[in-house]
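Q: Chain residues, written in single-letter form:
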Amino acid sequence: MADGGWISRWPVIRQLKGEDGRRDAARSARTDALRPRTEEADTVARSVCPYCAVGCGQLVYVKDGKVSQIEGDPDSPISRGRLCPKGSASKQLVTHPGRQTQVLYRRPYGTEWERLDLETAMDMIADRVVRTRRETWQETHEGKEVRRTLGIASLGGATLDNEENYLMKKLYTALGAIQVENQARI
Amino acid sequence: MAECHPVGFQWVMEARLRGAKVFHIDPRFSRTSAVADRYLPIRAGSDIVLLGALINHVLSNELYFREYVLAYTNAATLVSKRFQDTEDLDGLFSGFDPESHRYDPSSWAYEGDEESEAETDEMREGGGQHAEAAGSDSYGARGAGASARPPSDPTLRHPRCVLQILKRHFARYTPEMVAELCGIPPEDFAELAEAITANSGRERTTAWVYSVGWTQHSVGAQYIRASAILQLLLGNMGRPGGGIMALRGHASIQGSTDIPTLFNLLPGYIAMPHAHRHEDLAHYLEMEGADTGYWGNRRSYLVSLLKSWWGDAATEDNDFCFGYLPRLTGDHGHYATVMGQIDGTVKGYFVIGENPAVGSANGKAQRLGLANLEWLVVRDLTLVETATFWKDGPELETGELRTGDIATEVFFLPAASHVEKEGTFTNTQRLLQWREKALDPPGECRSDLWFYYHLGKRIRRRLGDDEIDRPAIELTWDYPEEGEHREPSAEAVLREINGTGPDGRALSSYRELAPDGSTRCGCWIYCGVYADEVNQAARREPGSRQSWVAPEWGWAWPANRRILYNRASADPEGRPWSERKAYIWWDAEKGEWTGHDVPDFDLRKPPDYEPPDGARAEAALAGTDPFIMQSDGKGWLYVPSGLSDGPLPTHYEPHESPVLNTLYARQSNPARRTYDRPENPYNPPGSARFPYVFTTSRLTEHHTAGAMSRSLAYLAELQPELFCEVSPQLAAEVGLVNGGWATIVTSRTAIEARVLVTDRVRPLRVQRQIIHQVVMPYHWGYGGGGLVTGDIVNDLLPVVLDPNVYIQESKACTCAVLPGRRPRGQALLDLIEEYRHG
Chain L
1 MADGGWISRW PVIRQLKGED GRRDAARSAR TDALRPRTEE ADTVARSVCP YCAVGCGQLV
61 YVKDGKVSQI EGDPDSPISR GRLCPKGSAS KQLVTHPGRQ TQVLYRRPYG TEWERLDLET
121 AMDMIADRVV RTRRETWQET HEGKEVRRTL GIASLGGATL DNEENYLMKK LYTALGAIQV
181 ENQARI
Chain H
187 MAECHPVGFQ WVMEARLRGA KVFHIDPRFS RTSAVADRYL PIRAGSDIVL LGALINHVLS
247 NELYFREYVL AYTNAATLVS KRFQDTEDLD GLFSGFDPES HRYDPSSWAY EGDEESEAET
307 DEMREGGGQH AEAAGSDSYG ARGAGASARP PSDPTLRHPR CVLQILKRHF ARYTPEMVAE
367 LCGIPPEDFA ELAEAITANS GRERTTAWVY SVGWTQHSVG AQYIRASAIL QLLLGNMGRP
427 GGGIMALRGH ASIQGSTDIP TLFNLLPGYI AMPHAHRHED LAHYLEMEGA DTGYWGNRRS
487 YLVSLLKSWW GDAATEDNDF CFGYLPRLTG DHGHYATVMG QIDGTVKGYF VIGENPAVGS
547 ANGKAQRLGL ANLEWLVVRD LTLVETATFW KDGPELETGE LRTGDIATEV FFLPAASHVE
607 KEGTFTNTQR LLQWREKALD PPGECRSDLW FYYHLGKRIR RRLGDDEIDR PAIELTWDYP
667 EEGEHREPSA EAVLREINGT GPDGRALSSY RELAPDGSTR CGCWIYCGVY ADEVNQAARR
727 EPGSRQSWVA PEWGWAWPAN RRILYNRASA DPEGRPWSER KAYIWWDAEK GEWTGHDVPD
787 FDLRKPPDYE PPDGARAEAA LAGTDPFIMQ SDGKGWLYVP SGLSDGPLPT HYEPHESPVL
847 NTLYARQSNP ARRTYDRPEN PYNPPGSARF PYVFTTSRLT EHHTAGAMSR SLAYLAELQP
907 ELFCEVSPQL AAEVGLVNGG WATIVTSRTA IEARVLVTDR VRPLRVQRQI IHQVVMPYHW
967 GYGGGGLVTG DIVNDLLPVV LDPNVYIQES KACTCAVLPG RRPRGQALLD LIEEYRHG
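Chain order of the listed sequences is L and H.
First residue of the first sequence: 1, per my numbering; consecutive thereafter.
First residue of the second sequence: 187, per my numbering; consecutive thereafter.
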């Protein structure tokens, strides 16, 4: 690189002087000062892409309590560091402004959403499960013991963790709810 | 695969660089077609004709891997004299009841399988229930009982041996039929047939890869079966480079089946008990499958699960709380549930990271169901259409629903994303990978683990001394809580799934599970994921520092085996079929199986092991029986029990098809499930108003119903708008202009999309006529926090189900296409009426 003042280091000047504009002569002082976000991260978590079932490794970089970047994990023997357009965009999945962070409630016949705090919502949902279960309990069906409710059903997506599916099936079964389904059926 | 699983596809490209030939067979020309050696367009819904013709080609030219087939499959097994094939009954198997449209499968049994026949008689005593009992839901994944050593003819000449039955059954699947029904010319078929047979045998293996569109047909399970028959005949199962790979479309859809949130299964493919068949534990165990093969240990698996759920309350004296399990009485699947919502029997609904208002077939029926609930809980990252149907659903515009009339109480709870919680996904290779938590979720977002744990606690506090409350009160529900949100420990849940022994320590293998209640295990196939008190799914030894099998990255069920049934990678004597394809082999000096992977076989069972009389479970299988989950240890070319629509794949047309089934007198799968209801009208059979084949697909830049992609700026910009791909010929026929609008009509609804006229869509010559196919991606909707919106493609689809698994036929129906945008409001309903009845 040429010595001297900022003018002689200006990429355009260096390129006009014949240096290859596709190589070092494209670099400015500002370019040289840039650092990748991944270098400045406070922590890195080893994760897995949440879209399709290939299971590409992801590295999740966190800076100042926010996700600053998500990249492919080069150690993964499955993906070797690569991510597809969806996996590459997954930082937006976590940080995009349309993401909901508050509980919302629509009362029967209501025309708008209302706010509800999480604890209240959890209590209200528990009340409804208990009530509906009692109201729709079937001890027998066609003379056979069934001990179940057909009044409560569930449909889960297939991005649920195994541990989540496990608690769901366990709780529903103990409550006698059998219409427990998943995207895997669809 | 390049389109929807691009990063997995890198391995196909690696193989291609090393000389592999890649065929792509698909109604749609995709990114995969662009880089394949050969692209064969096929009419949607005709795959069994193609696969059947390949099977016929292999059988009639004696191209099967004889030694493999003889030793490892049921080719030699004799079938009951009572069995009649579709050849005998013109498209039906024996046992069909025309009134219920269901099969009694007892005549499909192996010869002399009296136990199984007696069992079926017992089922029949349940009156109308026997037909349900015939369904695969009754057997989990394992099929019903059959003996370990049924009569057989090793010369393969007996007219009732499986191989001869196969030969007769598939004889009519000829290259001419492939041309007539699939639209694939004979010369293209010949090239494919030559390639897969030349590339199979001792030295070479061929892999089949399907995406789950194969399952979305009224004969979906039989598509997979047809592929399995072909792969067994060619000796491609249990061997490196072989197999059938289901490319599943969601991060843990495999896990959602293993630890099922599915109505018919308990964790580890154990069947949910049925009211008419399973009065108590002993009865259940007796009825549910064979005593030979690994399912012979089912008492250990089930009792360990019950101990895991009900702990000290589960004792030998009370059947380990088996009576606490609610009972099934038939199909309680997703679509049956939706009909129950419309009928008012289902009052409350949880929708967790799912968007049926956009993602399920016949979206209108889905939304009418939602509108008839008492309460609905939706948990997601964004306000998906399922949460907002009362505010902005299409039925409001047509006047079919009014917001002020909808009584449904809706709770929307924001969810944590994949980086804001820890836990495991199980990928499409059965590999569990633990995700570390990067940070806490924002605001009121919580994990679903948090939601169900704390909901369970609240519900339990509200229950009393009532007898019906005991299963929930006595449930083990204590998990360590972490952090300010009191998040339950996902590792503690994973450890419970793994199971513990009498000493309270984590078990290392399902072989340690006991039938007497001394062990606990939440999912027997996952036993070992927490071996040595270590989270094995969190292992991250870099791929570059391991063998090509990479056994130290994550943990694969069962027992960290990367290829299932890999005993079949060695010959009957235990030697690799070839050095080139060596994978697992018998080390006679050490007296154990060894190789590149964990052997999927009893480690010390020698190849010459012969089971003694009366042996049970794995001891009943010989040293040459690789398919250890089957009662006879064989790969099943013919399935004597466990399927509800026949022991062999048979081509039936989709429920809606513009083509006549010229193979049989039966047009469509006689056992398919239909819903003849006002919400679910079908296009009239043979209607000239719906002349085109309609199918759906995905794009690289979006994900399923779009909730995880439409709201992302990058992805929305890359694929901003719904479109339909049509050929120049169809565009000319209908009057469509590239970049203009088209309206696509079925009896369910009409939607609009931008037109993409492209040579990539090729009209097919089928039965001396030209068949046009319309292909549409289904990622758009009216809201969902989407930066881009579009009509809902799945609204076009009818609800018709495969009778084995109750999956909808969403990959082949019929439609009409009009130029221009669709009408709005009442005019839209009028248009549909006109098409339906006009």
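I should point out that these hints are in silico values taken from the structure, not numbers from a laboratory.
Quantities reported herein were computed from a predicted structural model and do not represent experimental measurements.
Hints are not guaranteed to be accurate.
Here are some chain L residues the structure puts well away from chain H; computed CB gaps all over 12 angstroms [claimed, not checked]:
(1) Arg14
(2) Gln15
(3) Leu16
(4) Arg23
(5) Ala26
(6) Arg27
(7) Leu34
(8) Glu39
(9) Thr43
(10) Cys52
(11) Gly72
(12) Glu119
(13) Ala126
(14) Arg133
(15) Glu163
(16) Lys169
Covered stretches of chain H, going by a simulated chain L footprint (3 or more residues, C-beta under 8 angstroms) [claimed, not checked]:
(17) 436–443
(18) 558–566
(19) 906–916
Backbone N, C-alpha and C define an ideal beta-carbon position, used for all residues, glycine too.
Q: Hint by hint, where does the structure go against what was stated? Just the numbers, ascending.
A: Going through the list in order, the structure violates hints 9, 10, 11, 12, 13, 14, 15, 16, 19 and respects the others.
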